[in-house]
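Enquirer: For reference, the chains in residue letters:
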Amino acid sequence: MSTDPQQTPHLPPALEFKSSTFSVPVLVLFDNDTAVIEQQLQEKVRLAPEFFKNSPLVFDLQELNRQEREIDIDVLTKIIRKLNLLPIGIRGGTPQQNQQAIAQGIPVHSIHSSSASAPVETVKQKKTAPEPAPKAEPVMSTLITHPIRSGQRLYAEGDLIILAQVSAGAEIMAEGNIHVYGTLRGRALAGVQGNPEARIFCSDLQAELISIAGTYKISEDLNESVSNKPVQIYLQNENLIIKDL
Amino acid sequence: MARIIVVTSGKGGVGKTTTSAAISMGLAKKGFKTAVIDFDVGLRNLDLIMGCERRVVYDFINVMNGEANLNQALIRDKHCDQLYILPASQTRDKDALSIEGVGKVLEELSKDFQYIVCDSPAGIEKGAHLAMYFADDAFIVTNPEVSSVRDSDRMLGLLASKSRRAERNEEPIKEYLLLSRYSPDRVKLGEMLSVKDVQEILSLHLLGVIPESKSVLNASNSGVPVILDEKSDAGQAYADIVARYLGEEKPHRFIDEKKGLFGKLFGGK
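Residue numbers (my numbering), protein chains in the order written: chain X, 19 to 263; chain A, 117 to 385.
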């Protein structure tokens with residue numbers, strides 16, 4: 019992942035490109051009324067001023083554009099900046115909105131990455147997303163009875179319940195909780211849309227990676243006292259807690 | 117209607133062709149009219165293992181393209197008149213295979229045969245995909261080492277999602293585990309995964325364990341399927357596997373190490 023600039027061999031390299039992933043809050047907008055956005059965002063920031071101070075931020079317009087509600091990017095970024103937040107990206111914008119953002123020096127992020135790399139992009143999302151009236155959507159759960167094999171991926175919008183094993187090299191993701199009643203050897207990502215209340219339950223933890231709302235641990239970080247037995251995993255003060263069941 | 121069996125693994129060199137040759141011979145010797153097809157287009161091997169490489173005139177691709185009919189291409193085995201071999205083309209590659217073509221050949225074979233054994237190439241690309249696409253049963257050949265087990269697991273995922281049965285929402289392909297090149301002594305030394313380890317990772321019904329054996333190499337070199345070497349442990353292991361597949365109860369042999377006189381006297385492990 020590194021590219022050295024072309025130079026004479028006796029000079030030590032002055033720079034190097036590296037690939038890195040960061041956890042960035044995503045501001046998901048449900049309303050195009052900038053006055054309301056400003057007021058609610060202000061309230062959120064007041065709750066945790068230290069956390070939000072100079073915090074980078076990606077704003078997500080997918081929902082607004084789905085409802086075909088226009089919003090002025092220039093006004094929006096002004097509000098964000100006024101609250102000492104640093105907009106570093108736009109997601110789900112229309113071509114016109116994207117152009118406006120780029121004119122302001124704000125890069126455009128692809129919306130596809132929201133499920134592929136949700137863990138790094140949607141951390142702490144709930145903190146910044148002003149929830150409108152709670153939606154009365156029925157909580158769906160997906161039940162799987164067959165093993166999830168290496169190379170297979172599974173995404174559930176609600177809870178995910180697997181009655182068999184999840185092999186190494188498999189990836190299971192859920193916006194809600196994950197239950198695995200077999201051995202969990204693959205990757206399990208719960209709360210991928212940023213729900214910090216999501217939990218992972220499994221009857222035998224041997225996972226390659228576990229993640230809740232973007233906070234993750236790889237198998238190297240799992241010590242032996244929690245592996246190979248039934249556990250639950252949840253988020254507490256942004257730390258992953260693994261507890262025996 | 118024939119029962120279509122795919123012998124597959126993901127990883128190369130684990131014993132797919134040896135297994136295809138052995139079990140097709142085993143089924144034929146039990147009196148079932150059996151065809152074995154080499155899907156490894158471009159890397160034709162099955163004919164060597166079956167000892168019929170000097171009788172290949174037409175091949176699978178010729179039949180698919182309508183350049184020859186099945187009866188011209190099928191080679192009757194020297195040892196058993198219930199067994200026929202459909203060799204792969206050596207001069208073509210996997211792109212010569214098409215789903216319609218393979219389907220047509222299998223359908224035609226199904227009218228006449230009771231078992232069709234498809235010898236899959238390694239990998240998960242076109243050749244391997246078409247070999248398993250029409251299958252009713254899958255024999256997963258795995259060596260007791262981690263990379264082979266991982267690849268088999270991947271293959272099992274594909275069997276469950278990319279086959280005709282999966283696409284039509286029919287009863288899934290029946291999967292059987294064949295653990296080959298197994299050496300109980302090396303398992304004891306911790307150099308090899310045990311049957312239990314592999315079964316834990318794959319959670320799959322164990323059809324049989326084939327011990328690491330010199331007779332396999334000898335059989336390959338002489339072009340006689342190892343199952344015909346009734347004195348060899350590998351030959352006996354394959355005979356057990358065929359019997360178990362056909363529903364006979366056979367205790368598993370070759371899982372535990374052979375005990376010498378001392379071991380027998382003092383027991384224990």
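Take the hints with a grain of salt, since some may be wrong.
Stated by the list, open to error - Pairs of lysine-lysine, BS3-like flavour, derived with a Cα cap of 27 Å:
(1) X/62 with X/96
(2) A/227 with A/312
(3) X/247 with A/312
(4) A/304 with X/247
(5) A/304 with A/242
(6) A/278 with A/227
What the hints contain is simulated information worked out from the structure, not anything from laboratory work.
Enquirer: Now look at each hint and say whether the structure bears it out.
Expert: Going through the hints against the structure:
1. As the CA atoms of residue 62 of chain X and residue 96 of chain X are separated by approximately 17 Å, the hinted pair is consistent with the 27 Å bound.
2. For the proposed pair residue 227 of chain A and residue 312 of chain A, the alpha carbon gap of about 40 Å is over 27 Å, so the pair is violated.
3. For the proposed pair residue 247 of chain X and residue 312 of chain A, the alpha carbon gap of about 18 Å is at most 27 Å, so the pair holds.
4. At most 27 Å may separate the alpha-carbon atoms for a hinted pair to count; residue 304 of chain A and residue 247 of chain X meet this at roughly 25 Å.
5. At roughly 39 Å between alpha-carbon atoms, residue 304 of chain A and residue 242 of chain A are farther apart than 27 Å, so this suggested pair is violated.
6. Among the hinted pairs, residue 278 of chain A with residue 227 of chain A is consistent with the structure: their alpha-carbon atoms are about 25 Å apart, no more than 27 Å.
Hint violations for this structure: numbers 2 and 5, all remaining hints satisfied.
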